[in-house]
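Undergrad: My request is simple: use the sequences and hints to build the entire structure.
Taken in sequence, the protein lines are chains Y and U.
Just so it is clear: in the first sequence, position 3 is 80 by our numbering, and no numbers are missing.
Just so it is clear: in the second sequence, position 22 is 651 by our numbering, and no numbers are missing.
Quick caveat, the hints were computed from the structure, so don't treat them as lab data.
As the structure is a prediction and not an experimental result, all values here were calculated from the model.
One or more of the hints may lead you astray.
Restricting the straight-line Cα-Cα distance to at most 16 Å, the calculated cross-link-like pairs of lysine to aspartate or glutamate (EDC-like) are [stated by the list, open to error]:
#, chain 1, residue 1, chain 2, residue 2
1, U, K707, U, D653
2, Y, K145, Y, D132
3, Y, K119, U, E737
4, U, K686, U, E697
5, Y, K175, U, E732
6, Y, K175, U, E673
7, Y, K175, Y, D108
8, Y, K175, U, D685
9, U, K707, U, E697
10, Y, K148, Y, E171
11, Y, K133, Y, D108
12, Y, K145, Y, E171
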Amino acid sequence: GESVGLHLPTLSVQEGDNSIINCAYSNSASDYFIWYKQESGKGPQFIIDIRSNMDKRQGQRVTVLLNKTVKHLSLQIAATQPGDSAVYFCAETENDYKLSFGAGTTVTVRA
Amino acid sequence: GAGVSQSPRYKVAKRGQDVALRCDPISGHVSLFWYQQALGQGPEFLTYFQNEAQLDKSGLPSDRFFAERPEGSVSTLKIQRTQQEDSAVYLCASSAGTGLSGELFFGEGSRLTVL
Numbered sequence: 078g079e080s081v082g083l084h085l086p087t088l089s090v091q092e093g094d095n096s097i098i099n100c101a102y103s104n105s106a107s108d109y110f111i112w113y114k115q116e117s118g119k120g121p122q123f124i125i126d127i128r129s130n131m132d133k134r135q136g137q138r139v140t141v142l143l144n145k146t147v148k149h150l151s152l153q154i155a156a157t158q159p160g161d162s163a164v165y166f167c168a169e170t171e172n173d174y175k176l177s178f179g180a181g182t183t184v185t186v187r188a
Numbered sequence: 630g631a632g633v634s635q636s637p638r639y640k641v642a643k644r645g646q647d648v649a650l651r652c653d654p655i656s657g658h659v660s661l662f663w664y665q666q667a668l669g670q671g672p673e674f675l676t677y678f679q680n681e682a683q684l685d686k687s688g689l690p691s692d693r694f695f696a697e698r699p700e701g702s703v704s705t706l707k708i709q710r711t712q713q714e715d716s717a718v719y720l721c722a723s724s725a726g727t728g729l730s731g732e733l734f735f736g737e738g739s740r741l742t743v744l
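TA: Below, the structure written as structure tokens:
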């Protein structure tokens, strides 16, 4: 079946550097994408979303890029901080209620 | 509290026992979702409620799984005759509008361990 996946399971980044987390999806019908952050022992927390009629969206310190041609999604975190250490999931949906999550990327910020 | 509340946070069951997991969504939230998260994996959709109506239960793994939201507020996920493969974190989430029209807020989850 079609699924959402991530290129790399772990990412180690120096504090203050920028982070880039990648995600590949295979369902061409997906039209809404969300990035979530999950800290240990907690539920996923919304970071930023993007619809398929856009290719870029910016938030506070975060940017999401969507390339529908190659079915690729990325999350950029500027000036990564220790509090950014967590597991990051991309999720996609084609029906606006049922999310399919990738396996996640663990981000570790080095001081 | 103002967030989604789940109980119990931790549950250990012997294989074959029945368990019930409770979710208190944010007050007034229309939509409620259950997800299952195995260790080291992303959450997997189980079921979706809009008020008291269960609009999609396609993700429930077997007929041992049952979810309800009788008054359109609190929801219970029941698992009968638990098996070891049921061990996971069960996440509940709610949103103010229909589906994902509003931000999805997740609870901290109920971790089920089946021995």
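Undergrad: Each hint: holds or not?
TA: Here's how the hints hold up against the structure:
Annotation: proposed proximity of K707 of chain U to D653 of chain U holds, straight-line Cα distance about 15 Å (limit 16 Å). As the CA atoms of K145 of chain Y and D132 of chain Y are separated by approximately 8 Å, the hinted pair is consistent with the 16 Å bound. For the proposed pair K119 of chain Y and E737 of chain U, the alpha carbon gap of about 4 Å is at most 16 Å, so the pair holds. A threshold of 16 Å between alpha carbons decides the hint, and for K686 of chain U with E697 of chain U the separation of about 10 Å falls inside it, so the pair holds.
Between K175 of chain Y and E732 of chain U the CA atoms are separated by roughly 13 Å; this keeps the pair inside 16 Å, and the hint holds. For a cut-off of 16 Å, the pair hint linking K175 of chain Y to E673 of chain U stands: about 9 Å separates their Cα positions. The hinted pair formed by K175 of chain Y and D108 of chain Y meets the criterion: a straight-line CA distance of about 12 Å does not exceed 16 Å. Distance check on the hinted pair: K175 of chain Y and D685 of chain U sit about 9 Å apart at the alpha-carbon level, within 16 Å; holds.
Between K707 of chain U and E697 of chain U the alpha-carbon distance is near 8 Å, which keeps this suggested pair within the 16 Å criterion. Among the hinted pairs, K148 of chain Y with E171 of chain Y is consistent with the structure: their alpha-carbon atoms are about 14 Å apart, no more than 16 Å. Of the supplied pair hints, the one linking K133 of chain Y and D108 of chain Y holds, its CA atoms being roughly 14 Å apart against a limit of 16 Å. At most 16 Å may separate the alpha-carbon atoms for a hinted pair to count; K145 of chain Y and E171 of chain Y meet this at roughly 14 Å.
No hint from the list above goes unmet by this structure.
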